[in-house]
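If you read the sequences in order, they're chains P and Y. Heads up: the first sequence begins at 1 in this note's numbering, then just goes up one per residue. Heads up: the second sequence begins at 1 in this note's numbering, then just goes up one per residue.
Treat the hints as calculated values from the structure; they're not laboratory data. Among the clues, some could well be false.
[Said to hold, decoys possible] Only pairs whose alpha carbons sit at most 27 Å apart, straight line, appear in this in silico DSSO-like list of lysine-lysine:
no.	chain 1	residue 1	chain 2	residue 2
1	Y	Lys-135	P	Lys-172
2	Y	Lys-135	P	Lys-173
3	P	Lys-130	Y	Lys-100
4	P	Lys-92	Y	Lys-135
5	Y	Lys-100	P	Lys-13
6	Y	Lys-100	P	Lys-172
7	P	Lys-130	Y	Lys-186
8	Y	Lys-83	P	Lys-123
9	P	Lys-113	Y	Lys-83
10	P	Lys-110	Y	Lys-135
11	Y	Lys-83	P	Lys-172
12	P	Lys-123	Y	Lys-100
13	P	Lys-119	P	Lys-130
14	P	Lys-57	Y	Lys-83
The primary structure of each chain is shown beneath.
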Amino acid sequence: MHVEDKELLDLFKEESTKELAYTAIIKKYQEKLYWHIRKMVISHDDANDMLQNVFIKVWRGLHNFREDSQLYTWLYRIATNECLTFLEMKKKKATLSMGDEENGLSNLIKADKNFDANKLEWKLQLAIQKLPERQRLVFNLRYYDEMPYEKMSRILNTSEGALKASYHHAAKKIEQYMTTE
Amino acid sequence: MEMQNNFIRKLDNSSNTNVLDSLILLPYTVPTNYFNVVLNIIVKKATSDNSKISKRLGLGYSMPDEYFNEFSKKMTSKLYELKIEDELSIVAPTLSTIPKIVHYNVPSNYFEEIILHSKIKSTQKVRIVSLKIVKQFLAAAVLIGVITIGIIGLIMNNKSISNAYEPQEFIVKPTINLLSDDELTKYINNDYWAYSSETVILDEFIVPDIKQNVEVVSDEDLDTYLQDAATNTSVKKGI
């Protein structure tokens with residue numbers, strides 16, 4: 001475990017320094033976790049809600065953290081599960097209301113203040129939203145966060161081989177979308 | 001070579017037969033320098049326990065169990081794992097040319113404020129409710145309120161309309177209590193109440209004549225006239 005994270009965990013265990021350690025953890029990981037969530041759910045409001053949910057779970061569950069993995073891995077796992085649960089609920093609501101979840105996310109992208117249909121980066125975002133949730137996760141972690149498969153495997157509890165296959169498949173699908181649309 | 005010779009001498013001494021002679025007689029060939037090489041292999045295999053090696057070498061360091069077994073696997077996987085850029089250029093060359101920038105809009109000072117919000121919410125043990133859900137509930141509440149008011153308004157309207165067709169109560173003034181029963185009976189029997197609803201139409205020609213005539217007519221004639229008028233009316237009514 002990273003030395004700094006170990007220190008933070010030790011500080012968290014002490015009642016007098018618990019809040020200080022908690023603030024330090026938030027400060028250290030908030031942006032990484034925010035962007036990890038935001039790339040999945042698109043909406044800032046949704047990402048904000050989920051990020052706060054994640055840190056509430058951290059506050060409640062950190063004393064039970066077994067330290068058999070990196071703190072970063074544990075945090076990412078919580079954030080990932082929050083995303084998948086949220087998207088699953090959204091999908092059910094869309095099914096009930098005869099709506100289209102995929103179009104909903106695409107519309108959210110287009111509604112962003114900075115959206116520019118002429119820029120390739122935005123076209124890429126629209127292409128990524130076409131992927132199934134898990135594949136989207138894998139793609140984002142590898143492409144944007146440049147996460148090694150070994151680390152990804154611990155976060156997503158999936159074999160490295162399956163992750164590689166998923167990423168390659170996703171990249172090809174996106175490339176096809178970009179060249180045909 | 002010396003070891004080999006010692007080994008042969010031991011064999012020779014342990015038995016009555018002449019080993020050298022028996023070896024020369026065997027037709028098998030042996031690779032050159034074989035016995036020196038095999039000696040090193042055997043020593044390495046026999047001393048493959050790490051702690052023994054370190055003890056032999058006089059080193060006191062410890063290392064994780066199965067370190068050297070895992071080491072070779074790790075090195076192999078590292079050799080085969082491509083760099084992310086190289087991987088993408090093979091799998092999806094077009095993607096590798098696109099800049100990895102995400103331009104999503106984030107409110108200013110968001111990351112400074114989130115620490116405070118997270119701390120407050122964590123310590124208060126409050127469940128986060130999405131703003132979207134709250135807005136939806138508010139919209140639903142407003143809609144229900146409007147519908148309820150509309151229904152109440154309709155009900156009230158219906159009541160007032162139905163009330164319009166109900167016969168109104170005629171309130172008898174209390175002053176009627178001042179009249180005696182005889183007077184009331186006379187009033188009713190003489191149909192005096194009937195006359196009150198009659199519209200008396202005055203001939204416009206009669207009115208000026210009446211005025212004129214009243215001035216010339218005496219009081220006695222006037223009384224006679226009035227009595228005759230009352231009698232005529234009674235006849236008409238059949239009384």
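Agreement of Y/Lys-83 and P/Lys-123 with the hint, judged by alpha carbon distance not exceeding 27 Å
Given that 27 Å is the threshold and the Cα spacing comes to 25 Å, the pair holds.
Sort out whether Y/Lys-83 lies within 27 Å of P/Lys-113, counting only the CA atoms.
violated (34 Å)
Would you check the hint for Y/Lys-100 and P/Lys-13, treating anything up to 27 Å between C-alpha atoms as holding?
violated (39 Å)
Between P/Lys-57 and Y/Lys-83, is the straight-line Cα distance small enough, at 27 Å or below?
violated (34 Å)
Check whether the Cα positions of P/Lys-119 and P/Lys-130 lie no farther apart than 27 Å.
holds (18 Å)
Would the pair Y/Lys-135 and P/Lys-172 pass a check requiring their Cα atoms to be no farther apart than 27 Å?
violated (40 Å)
Hey, P/Lys-110 versus Y/Lys-135, does the alpha-carbon distance stay inside 27 Å?
Within the cut-off at roughly 22 Å; holds.
Please work out if Y/Lys-100 and P/Lys-172 have their alpha carbons no farther apart than 27 Å.
Measuring from Cα to Cα gives roughly 17 Å; hence the hint holds.
Run the distance test for P/Lys-123 versus Y/Lys-100: straight-line Cα separation, threshold 27 Å.
holds (12 Å)
Straight-line alpha-carbon gap Y/Lys-83 to P/Lys-172, limit 27 Å:
holds (18 Å)
Against the 27 Å threshold, does the CA-CA distance of Y/Lys-135 and P/Lys-173 hold or violate the hint?
violated (37 Å)
Is P/Lys-92 within 27 Å of Y/Lys-135, Cα to Cα?
Answer holds: P/Lys-92 to Y/Lys-135 is near 20 Å, not above 27 Å.
The structure fails to meet hints 1, 2, 5, 7, 9, 14 from the earlier list, while all remaining hints are met.
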